[in-house]
Structure formats: structure tokens, C-alpha cells
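Using the sequences plus the hints, can you model the full thing?
First to last, the sequence lines map onto chains A and B. Per UniProt numbering, the first sequence starts with residue 1, numbered consecutively. Per UniProt numbering, the second sequence starts with residue 1, numbered consecutively.
There's no promise every hint is true.
Where chains are identical, the list cannot tell them apart; a pair therefore holds if satisfied intra-copy or between any two copies.
To be verified - Keeping only pairs whose Cα atoms sit at most 27 Å apart, straight-line, the calculated DSS-like set for lysine-lysine is:
id : residue 1 : residue 2
1  : LYS378    : LYS325
2  : LYS37     : LYS183
3  : LYS45     : LYS325
4  : LYS374    : LYS404
5  : LYS38     : LYS357
6  : LYS176    : LYS56
7  : LYS357    : LYS378
8  : LYS38     : LYS179
9  : LYS45     : LYS56
10 : LYS374    : LYS325
11 : LYS38     : LYS176
These are calculated hints, taken from the structure and not from any lab test. Quick caveat, the model's predicted, so the values are computed rather than measured.
The lines below spell out each chain.
Protein chains: 2
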Amino acid sequence: MSQQAQQLLDRHRETLDRAVEAISTRGVWSPYPESLKKYPEEAVKGAPQRFEALLKQPFALKVTEVAGQVGAEVSPYGFELGITYAQPEQGALIASMQAAMPAWRDVGAEARVGVCLEILARLNALSPDIAQAVTHTSGQAPMMAFQAGGPHAQDRGLEAVAYAWQAMSRVPATAKWVKPQGKHDPLVLDKRYHIVPRGISLVVACSTFPTWNTYPGLFASLATGNPVILKPHPAAILPVAMTARVAQEVLEEAGFDPCLVSLMPDTAEAPVTKELALDPAVKLIDFTGSNAFGEWLEQNATQAQVFTEKAGINSVIIDSVEQIKPVAQNLAFSLSLYSGQMCTTPQAIYVPREGIKTAEGQLSFDEVADTLAKAVEKFLSDNDRACAVLGAIQSPATEARIDKSRALGEILLDSEPRQHTQFPRARIHTPLLLKVDAGQRDAFSEERFGPISFVIATDSTAHSIQLAREVIGAKGAITLGAYTTDDAVAEQFEQLAMEVAAPLSLNLDGGVFVNQSAAFSDFHATGGNPAANASLCDQAYVARRFVVVQSRRHGQLN
Amino acid sequence: MSQQAQQLLDRHRETLDRAVEAISTRGVWSPYPESLKKYPEEAVKGAPQRFEALLKQPFALKVTEVAGQVGAEVSPYGFELGITYAQPEQGALIASMQAAMPAWRDVGAEARVGVCLEILARLNALSPDIAQAVTHTSGQAPMMAFQAGGPHAQDRGLEAVAYAWQAMSRVPATAKWVKPQGKHDPLVLDKRYHIVPRGISLVVACSTFPTWNTYPGLFASLATGNPVILKPHPAAILPVAMTARVAQEVLEEAGFDPCLVSLMPDTAEAPVTKELALDPAVKLIDFTGSNAFGEWLEQNATQAQVFTEKAGINSVIIDSVEQIKPVAQNLAFSLSLYSGQMCTTPQAIYVPREGIKTAEGQLSFDEVADTLAKAVEKFLSDNDRACAVLGAIQSPATEARIDKSRALGEILLDSEPRQHTQFPRARIHTPLLLKVDAGQRDAFSEERFGPISFVIATDSTAHSIQLAREVIGAKGAITLGAYTTDDAVAEQFEQLAMEVAAPLSLNLDGGVFVNQSAAFSDFHATGGNPAANASLCDQAYVARRFVVVQSRRHGQLN
Chain A
1 MSQQAQQLLD
11 RHRETLDRAV
21 EAISTRGVWS
31 PYPESLKKYP
41 EEAVKGAPQR
51 FEALLKQPFA
61 LKVTEVAGQV
71 GAEVSPYGFE
81 LGITYAQPEQ
91 GALIASMQAA
101 MPAWRDVGAE
111 ARVGVCLEIL
121 ARLNALSPDI
131 AQAVTHTSGQ
141 APMMAFQAGG
151 PHAQDRGLEA
161 VAYAWQAMSR
171 VPATAKWVKP
181 QGKHDPLVLD
191 KRYHIVPRGI
201 SLVVACSTFP
211 TWNTYPGLFA
221 SLATGNPVIL
231 KPHPAAILPV
241 AMTARVAQEV
251 LEEAGFDPCL
261 VSLMPDTAEA
271 PVTKELALDP
281 AVKLIDFTGS
291 NAFGEWLEQN
301 ATQAQVFTEK
311 AGINSVIIDS
321 VEQIKPVAQN
331 LAFSLSLYSG
341 QMCTTPQAIY
351 VPREGIKTAE
361 GQLSFDEVAD
371 TLAKAVEKFL
381 SDNDRACAVL
391 GAIQSPATEA
401 RIDKSRALGE
411 ILLDSEPRQH
421 TQFPRARIHT
431 PLLLKVDAGQ
441 RDAFSEERFG
451 PISFVIATDS
461 TAHSIQLARE
471 VIGAKGAITL
481 GAYTTDDAVA
491 EQFEQLAMEV
501 AAPLSLNLDG
511 GVFVNQSAAF
521 SDFHATGGNP
531 AANASLCDQA
541 YVARRFVVVQ
551 SRRHGQLN
Chain B
1 MSQQAQQLLD
11 RHRETLDRAV
21 EAISTRGVWS
31 PYPESLKKYP
41 EEAVKGAPQR
51 FEALLKQPFA
61 LKVTEVAGQV
71 GAEVSPYGFE
81 LGITYAQPEQ
91 GALIASMQAA
101 MPAWRDVGAE
111 ARVGVCLEIL
121 ARLNALSPDI
131 AQAVTHTSGQ
141 APMMAFQAGG
151 PHAQDRGLEA
161 VAYAWQAMSR
171 VPATAKWVKP
181 QGKHDPLVLD
191 KRYHIVPRGI
201 SLVVACSTFP
211 TWNTYPGLFA
221 SLATGNPVIL
231 KPHPAAILPV
241 AMTARVAQEV
251 LEEAGFDPCL
261 VSLMPDTAEA
271 PVTKELALDP
281 AVKLIDFTGS
291 NAFGEWLEQN
301 ATQAQVFTEK
311 AGINSVIIDS
321 VEQIKPVAQN
331 LAFSLSLYSG
341 QMCTTPQAIY
351 VPREGIKTAE
361 GQLSFDEVAD
371 TLAKAVEKFL
381 SDNDRACAVL
391 GAIQSPATEA
401 RIDKSRALGE
411 ILLDSEPRQH
421 TQFPRARIHT
431 PLLLKVDAGQ
441 RDAFSEERFG
451 PISFVIATDS
461 TAHSIQLARE
471 VIGAKGAITL
481 GAYTTDDAVA
491 EQFEQLAMEV
501 AAPLSLNLDG
511 GVFVNQSAAF
521 SDFHATGGNP
531 AANASLCDQA
541 YVARRFVVVQ
551 SRRHGQLN
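This is the structure we're talking about:
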């Protein structure tokens with residue numbers, strides 16, 4: 001392998017070994033600090049200025065053949081970015097990637113993993129800048145944009161590299177096959193096993209988590225030898241472009257074709273994803289986005305291995321609690337964070353219409369619903385804190401959806417616009433909380449992306465479980481929360497989780513939230529229900545990205 | 001877990017551990033002897049009689065609800081089996097399997113693997129009987145039916161269990177997640193991780209290798225918690241039914257629903273596979289058979305993970321040899337074994353029209369072709385040996401194809417019928433070897449299933465490589481053989497193998513053959529070209545058969 005690449009692996013070997021350990025033991029671990037204080041002061045303080053310097057001009061990236069220049073990003077905080085990006089000519093891009101693939105394949109797993117780890121390390125150093133880009137494309141508030149867009153996204157990338165390394169390491173490079181033949185000499189074969197990438201990998205990014213949802217596919221594919229086309233959402237190109245630039249720099253320095261990671265930006269008016277997805281050379285597709293498009297990919301891009309994360313009806317079932325207040329506070333945070341624009345935000349909250357048991361006595365349905373509404377209201381009463389939690393609404397469509405959803409139920413807590421001190425034109429809205437009956441299934445069983453949730457009156461906890469089973473069975477879910485003080489009911493929730501293949505968060509009432517997912521410990525989505533056909537990240541997520549090609553020839557006994 | 005199942009795992013623990021070791025080191029290993037002498041004499045001698053006793057009557061299996069009785073198998077050796085099998089009512093079968101799944105899931109990996117290993121051990125003891133059933137459905141000659149249908153098939157099943165065990169073991173049952181919070185108490189979460197099966201698994205068997213190609217899917221799915229519907233080819237039900245019976249017995253003894261493994265026989269006139277394959281409850285499909293149906297499954301059964309082994313244009317490229325004779329003898333065996341009805345039999349043999357270099361001087365194209373034809377002729381000159389190698393032609397369609405193929409090229413060696421001493425009505429034919437020019441691509445680049453092969457005159461070895469690249473790229477291949485005395489050319493073959501994702505057998509001239517594939521060492525097919533979208537067996541083959549569902553709740557520091 002290339003000497004540079006070997007040095008990269010040596011430099012990051014401990015990180016790799018610890019990551020492999022972490023995915024096996026699944027405790028708390030990360031090499032990428034989530035506190036800004038751990039980053040150089042200049043890197044943090046200078047980030048806004050460096051972001052400003054990127055605006056209103058072309059963004060430089062390596063491109064084989066330029067077909068045009070695109071880019072029309074608008075910050076949810078209320079200004080145009082004015083950055084343009086070269087769009088590669090598709091045929092030339094595919095051809096150049098296919099030409100670059102054999103060298104990337106033949107250099108071997110160690111070199112590829114070394115390069116991936118160096119890319120991640122440099123992305124980590126760039127986290128404050130990435131945070132700016134994530135903020136002004138996704139609308140995430142700055143702290144979340146930093147954590148989720150920076151170290152937490154890098155964690156997910158590293159996790160994919162660790163799984164890839166583990167899977168590739170399990171295939172020996174060679175074997176000697178010696179078969180006894182009685183009195184005759186044994187049959188001896190020398191065998192070689194090659195890790196062979198499937199082909200070109202297309203990673204289709206989303207507008208809300210342009211790095212967190214992109215890094216697993218990018219790094220899983222790249223580590224296993226596949227060139228990667230990054231196709232950003234037209235509204236969130238910059239964080240993906242910055243990522244591509246870092247990858248290209250590291251690849252080039254290590255002696256590889258930088259176009260092994262290429263950006264393919266497009267516009268809402270002239271999308272390129274369908275054509276790319278059906279290109280016979282594209283053998284892997286990672287997609288985060290709408291159910292409609294994800295299902296289209298699953299059904300049509302049958303030449304490729306397709307990994308989708310779509311959306312579902314994330315659900316919370318409340319059976320009983322010790323104290324309602326900490327539960328309501330916990331849920332209030334989950335409903336508020338990034339204005340419900342996380343793929344993990346609860347939408348359906350099931351509560352028996354007869355109310356629930358608590359250590360302080362029976363609480364009526366309305367008391368539960370009101371306590372939750374008041375907890376959200378109180379949590380967001382300070383405008384600065386509200387803005388720092390809510391972030392901005394990524395798209396005008398989501399903003400419009402809040403308005404349209406008001407009629408779906410009885411308003412427990414109305415959504416209200418907020419004014420950001422620094423960015424007065426920012427699109428900021430508090431959560432809309434509606435009360436509905438279990439019979440109003442059309443209201444709560446369709447995904448309402450954004451800060452829109454339902455408290456649903458059911459006949460009983462058994463009924464809540466049945467509804468969740470049916471709704472998640474049909475529509476999927478990425479998260480399932482549940483509350484009970486009864487061990488037998490807790491076991492029913494555990495069974496429900498397995499049945500609908502949704503991860504269960506039970507009785508969360510402190511500083512851990514149903515919509516948060518920790519790399520190396522939590523499997524994000526399971527791949528077992530309609531919300532996602534893959535998990536970020538498990539063995540199945542990487543094992544399908546390469547094949548093993550062997551050769552054998554007569555050999556000698558040692 | 002059930003005590004019986006625990007005992008089963010204890011009993012077979014060493015086998016399991018050694019199997020896991022074997023898939024990692026990939027040397028020679030098997031717990032199932034391939035010599036008949038290692039089996040009890042009575043088991044071997046009594047097999048034909050026990051087979052006779054099965055004929056002309058219903059075959060007993062557990063069935064939830066019987067829809068009808070089917071079965072019209074005809075031995076390729078010339079007689080009707082007259083066995084009928086209960087066909088389950090599809091809806092009732094699916095419902096009963098779904099009801100049985102949670103117990104099978106919840107008992108855990110150890111119990112499931114214990115059950116699988118016991119099934120395999122009993123199948124091994126039954127090998128002489130299975131051999132009878134394989135002989136009189138597939139047409140394989142008795143020794144091959146014993147080895148390939150018995151121990152070698154069991155090896156492939158065990159290999160799948162080993163991969164499944166390894167993949168499941170890598171997910172911890174629990175984890176404690178402890179996140180420091182500065183001066184505050186750490187956040188502590190107790191997490192559980194459940195292996196959750198995808199759903200009902202449909203294994204569609206073929207008529208030529210009813211056990212060898214069926215066991216990997218059966219055991220990979222069953223070990224990971226999925227109930228399995230075995231859908232045999234209508235012409236080869238018995239070996240699959242015998243397998244199902246053993247599985248049902250072991251499951252029932254261990255306290256599980258025997259219908260977790262169920263047979264769904266059908267007829268050529270009223271096939272059920274399409275309807276079953278599109279059932280929303282069917283989440284896994286393993287298929288061995290025609291390209292047309294395999295591709296239909298890949299494109300239409302998008303609700304399921306689909307694993308296909310279809311057909312391709314297995315190829316041999318001859319560049320140069322030390323001595324032509326041992327090469328010709330080696331290839332003669334490969335072309336003759338089971339009358340070319342293996343998915344690994346070479347069809348296209350590329351030779352430069354200028355001839356090849358040997359240690360004994362230049363050989364013309366015609367000399368190479370004639371030496372090969374004569375080697376086949378000589379190898380099959382003894383009729384008893386011929387019958388013991390060729391076996392019988394499984395289907396009349398294959399027999400007819402031999403006749404139709406004569407016009408495709410110049411006949412180097414004509415196919416001739418042979419008479420079996422014990423079964424005079426057996427359908428036995430020697431290989432047809434045709435000479436064609438590289439320009440006659442329509443002749444050799446379509447699969448001609450059966451004993452039909454082409455020696456193709458090319459411009460040069462570079463041209464041979466280019467043709468193989470194009471033909472395998474378009475049609476796939478499960479095997480690639482090559483001969484050269486030049487290291488540089490050997491490296492080109494190695495590169496070709498990686499490009500077209502076909503396993504390479506280089507310079508085989510002794511007792512190892514391009515169409516043989518050893519469990520635990522050889523990856524059978526790669527999954528990377530059109531001949532198969534999966535390999536038997538690798539990590540990707542099992543990792544997609546389950547998902548991980550976790551739960552988390554607040555915990556205490558230990």
C-alpha cells in the first residue's frame with residue numbers, strides 16, 4: 001500500500017481499535033469532543049468570519065468535467081448564501097470514478113481505512129466551520145449544528161469505518177488449503193481473497209442533517225473501496241461540499257484520485273437523483289429523505305443495494321408514571337429540539353382517556369395533556385433559550401404545514417412565531433400540540449414533519465399498544481418512547497418494540513431524550529420497519545458494500 | 001432458554017467453535033465425513049430399501065391446514081416416484097408461522113443455533129437416505145448425490161450457522177452507558193439489544209441441487225430467528241421434504257412449533273412461488289434457479305431481502321500451459337461431472353486461434369481443442385465409469401437442448417446417449433463440445449444449461465480476456481478458470497477476476513476442479529456479477545436476516 005496511507009493508519013490506529021471495541025461493548029465513547037471548549041479558541045471564534053468569506057462566490061472542488069454551475073441556498077435564518085458549485089457532467093464523472101476504482105480497491109483495507117480516519121480527523125478540526133454551514137442550511141441552532149453536524153456526525157462516520165474494518169478484517173488475505181489423500185500426497189491449494197467494492201456509491205443527503213445522515217454511507221462505502229458521489233439536498237449543499245473538499249484533499253495527498261469523493265449538486269428545478277440512481281454503474285445508494293422517494297428508490301434502483309432512512313410515526317405511550325412533571329419536562333425538550341425536525345421527534349403520544357396512575361394519584365387525560373403543554377410553554381418562555389433550542393424551520397413547506405395542521409385536532413398548545421435577536425428574518429416557530437381521539441387516525445397516523453404533535457386519547461394502554469403496533473407496522477417509526485411503573489406493562493412495551501422493530505426508550509425523565517441517539521451505543525433506526533430499511537450502523541450496513549473474490553492455484557506444503 | 005435447546009448447544013459446541021474458526025482461517029475442515037465408509041454399514045446398505053419404502057404413498061409432515069395433495073416426481077433414472085405431499089393452505093401457513101415466531105425469537109441465539117446444529121447432525125446421519133432421494137430427483141450419480149447432497153450440503157448449512165452465530169454474537173445482550181456530567185452525577189442508561197428476525201423466510205429450491213443450494217438459506221434464516229418455508233422444485237421435492245421432517249422433529253423435541261420449518265410443495269402446472277414471494281409477511285427470499293425468475297424476484301419482491309443464485313457463462317481462458325494433457329484431463333472431468341448440470345460447469349473455453357505455448361512447444365488451436373475432446377472421450381470410454389460420473393440428465397428440456405445446440409458450431413465431440421446397467425431408461429448423455437469463432441458470440445454467450453460447451457477461437461489472450469470481461473459483465477459467471485505459465489498474464493487473470501467478481505481457479509491440473517467449491521474455504525459465487533446477487537456464504541448473507549432492536553432505561557452505577 002502507499003506509504004502515506006500506511007502512515008495515516010499508524011497515526012489513527014488507536015482510534016480505530018477503540019472504535020471497534022466501542023461498537024462491541026456499546027458504552028459511552030467518542031474521540032471527537034462535543035464541547036466547544038476542547039477546540040482551539042481561534043477555530044471557534046473565527047468560524048463566523050470564515051463562513052462569511054465563503055458567501056457569494058463559487059466553492060472550489062475538484063471536478064473532472066464541469067457541466068454547469070448551480071446553487072441557490074437560503075439560510076433559514078433569512079439570507080441568501082449566494083454560493084455556487086460546479087455540477088459535474090454525469091457520464092464523465094462515472095467514467096472517471098470507474099477508472100479510479102481499481103487503484104483504490106487494490107491498495108487494500110488498511111490504506112483505505114487510514115485515509116478515512118484522516119478525513120474524519122480533519123473534519124473534526126473543521127467542526128466550528130461545519131457548524132456554521134449546518135446552521136445556515138438546516139436551520140439548526142448553533143450549538144446543535146456544532147454537535148450534531150460536527151463531532152456526532154463524525155462519530156457516525158467513524159462507527160461505519162469501524163464496522164467496515166471489522167467486516168473486512170474477518171476475510172483472511174490468504175489461506176493454504178491442504179486436503180489429505182490417504183497414502184497419496186495431499187492436495188494443496190494456495191488461495192487469495194480480495195475485498196472487491198460493488199461499484200459507484202451514491203449518497204443522497206437531506207436538508208436537515210446534511211452531515212450526520214451522510215457520513216455513515218460515505219465512510220462505509222469509501223472504506224470498502226467504492227467511489228462516492230455525494231448528492232446534497234439543493235437547500236443544504238455547503239456542509240456536504242466542505243466535507244467533499246476535505247476528503248479530496250486527503251485522498252490527493254495520499255496519492256489517490258481526489259474525485260473518488262465527488263459532489264454532484266443539483267437544483268430543485270432540475271433534480272438529477274433519479275437519473276443517477278438508475279445508472280447501471282451505481283451499485284450502492286444511501287438515501288435520507290421522504291418516504292415517497294425512498295420507496296421509489298427501493299422499488300426501482302434494483303441494480304443497487306439501497307439503504308434508506310425515511311420517516312415514520314414516532315410514538316410515545318404513557319401508561320403510568322411516578323411523577324408527571326419530570327416526564328413532561330423531558331418530552332417538552334424532545335418536542336422542542338430543532339422544532340421537531342428530527343427524524344426521531346415524537347409525533348404520536350398515546351394516553352388512556354381515563355387518565356393514568358401516578359405516585360401522587362390518578363391524573364386525568366386532560367391533566368396529562370395540559371401538563372405537557374405547559375411544560376413546553378414554560379421551557380420556551382425565555383426567548384433566547386427558545387431560539388437556541390428551536391433553531392429555525394428549514395423549509396417554507398414545513399412552516400406552511402404548521403398552519404395547515406391546526407385544524408387536525410383541538411389545540412392544546414398553539415405554535416407561535418419567535419423573533420431571533422441576531423437574525424430577525426429567521427423562520428422560528430414553537431411546537432403545535434393537538435389533542436385528538438384515537439378514532440381520528442387520519443390526523444395522527446400521517447407523518448406531519450415539523451413541530452406538530454398529537455396527544456391521543458385511547459381506551460386503555462392495551463389500546464395504545466395496539467394502535468402503535470398498527471400505525472408503526474404500516475408507517476414505521478424510528479423511535480418509540482414509553483412510560484410505565486408496572487413491570488408487566490414494561491415487558492409488553494419491550495415486546496411491542498421487537499414486533500414493530502423500533503428502539504424503545506423507557507421512562508426517560510432526566511437528561512436523556514427519546515430523540516437522541518448516541519453513536520457506538522444506540523442503533524439509529526433498525527431497518528426492520530417502513531421508516532428505514534437500514535440501521536445506522538450495523539453489520540448489515542457495511543457487509544453488503546463489498547464482495548469477496550478469491551483465486552486459487554496449486555501450492556506447496558510449507 | 002429451553003433446557004433442551006441448551007443441551008443441544010452444549011452437545012455441538014465444539015463443532016460450532018471449530019466452524020467459526022474454519023470460516024476465519026479457510027483451510028480444509030468438515031465435521032461431516034465425505035466417505036461412505038465412515039457411516040454405519042446398515043445405514044448405507046439399507047438406504048435403497050428405505051427409499052423404495054417411501055414410494056407410491058403420501059410423505060408425512062406436520063401441516064397446519066392442508067389445501068391439497070401434490071407430487072409428480074419422476075426419477076431421471078426412469079421411473080415415477082409416486083410420492084405425494086400435503087400442500088399447506090398459504091394463509092393458514094403464514095399465520096401459524098407468525099404466531100410461532102416470537103417464541104423462536106425470544107429463546108435467543110444460543111438455543112436456535114443448538115437446534116440448527118442438531119438438525120444438521122441428524123441430516124448427516126441420514127446422508128445415505130438423502131443420497132437416494134437426491135439421485136432420483138436430480139439425476140446425480142449415487143456417489144455425487146451422497147457427497148454433494150449429504151455432507152457437502154450439510155457443510156454449507158453449518159457454514160451459514162457459523163456466520164449467523166458470529167454475527168449475532170457480535171451484538172452484546174446488554175450494555176451500561178455511563179456519561180460523565182462534570183460535577184453532576186453521570187447519566188446512566190441500561191441498554192438491552194435484541195436480535196429480531198426479519199419475518200418469514202422463503203427458500204426456493206432447485207431441481208439439480210435440492211439440498212446443497214437450499215441449506216445455506218434454510219439455516220441462515222432459521223438460526224437468526226426466521227420461520228422458513230421450503231418451496232422445492234416440483235421435480236425434486238423428496239430431499240427437501242426429508243430435510244423438513246428432520247427439522248420439524250428436532251424443533252418439536254426442543255419444545256418449539258415444528259411448523260417453523262414447513263414444506264410448500266407445488267406443481268409445474270400450478271406454481272405458488274410468485275404469490276408466496278409477494279406476500280407482505282415474506283421478508284427473506286432465497287432462490288436458486290433460472291435467471292428470468294431470479295431477476296423477476298429481485299425486481300418485484302422488493303418487500304423482502306432477496307438472495308439469488310442464477311446462472312452465468314462460466315469461462316475458462318487458456319493462454320499457455322506446461323503440458324496440455326493434464327490440463328485436458330482436468331477439464332474433461334469438469335465438463336463430464338453430472339453432465340455439465342452444475343452451476344459451476346464451464347461453458348466457454350477461450351483459446352487463441354494462433355494456438356498456445358507449452359513446455360513441449362507451440363500447440364495449434366485445433367490441437368488444443370482435439371486434445372480436450374479426446375480427453376473427454378477417453379475419460380468416458382468405460383461405460384460404468386461414465387454413468388457414475390455423468391449421472392442422468394435431470395429434465396427433458398436439458399436433453400432437448402443438447403440436440404438443438406449441435407448446430408451452434410462445429411462439432412468437436414458429439415454427445416451420445418449411454419445405457420445404465422441398473423436403470424436402462426435413465427436419461428444419460430455425454431458432453432457436446434463445439435468449436436466456434438469469437439465472432440459467433442450468440443452461440444457461446446447465452447447460457448446453454450447441460451453438457452454443452454464451446455471452445456472459442458480468439459485473436460489472442462488479450463482478446464480472450466476482453467471477451468470474458470464483456471460476457472461475464474453482461475451475463476455473470478460463478479466460476480472462472482484460467483491457464484498460463486506467464487506471471488504477468490496470471491496477474492491479468494487476477495485483475496479480470498476482480499473486475500467481473502468471479503472466483504478464479506488458476507492452472508488446475510490435478511485432483512481439484514474448477515466446478516468444485518469447498519465449504520468453509522471457497523466462497524461460492526461472489527454476489528458481484530449477474531449470475532448471483534449473493535455469495536454462499538459470507539457475512540452479507542446472514543447480516544441482513546435480522547435487525548437489532550434495543551431498549552434503554554435509566555440505570556444505576558454498579
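Status of each hint after checking the structure:
1. For a Cα distance limit of 27 Å, the shortest separation of LYS378 from LYS325 inside one copy, 12 Å, qualifies, whereas the shortest one across copies, 89 Å, does not.
2. For the identical chains of this complex, LYS37 and LYS183 are inter-copy neighbours only, at 16 Å across copies versus 72 Å inside a copy, given an alpha-carbon limit of 27 Å.
3. Taking the closest pair of Cα atoms, LYS45 and LYS325 never come within 27 Å of each other, the shortest separation being 38 Å inside a single copy and 77 Å across copies.
4. Within a single copy, LYS374 and LYS404 get their C-alpha atoms as close as 23 Å, which meets the 27 Å cut-off; across copies the closest is 81 Å, which misses it.
5. Taking the shortest alpha-carbon separations for LYS38 and LYS357, neither the intra-copy value of 45 Å nor the inter-copy value of 67 Å comes in at or below 27 Å.
6. Taking CA atoms no more than 27 Å apart as the test, LYS176 paired with LYS56 passes in neither setting, with 61 Å inside one copy and 48 Å between copies.
7. Proximity of LYS357 and LYS378 under a CA criterion of 27 Å is satisfied intra-copy only: 24 Å inside one chain copy versus 87 Å between copies.
8. Taking the shortest Cα distances, LYS38 and LYS179 sit within 27 Å of each other only across copies (17 Å), while inside one copy they are farther apart (58 Å).
9. Only within a single protomer do LYS45 and LYS56 lie at most 27 Å apart by alpha-carbon distance; the minimum there is 21 Å, versus 86 Å between protomers.
10. Proximity of LYS374 to LYS325 under the C-alpha cut-off of 27 Å is restricted to the intra-copy arrangement: shortest distance 10 Å within a copy versus 89 Å between copies.
11. In this homomeric assembly, LYS38 and LYS176 come within 27 Å of each other (Cα to Cα) only across copies, at 26 Å, whereas the closest approach inside a single copy is 50 Å.
Checked against the numbered hints listed earlier, the structure breaks hints 3, 5, 6; every other hint is satisfied.
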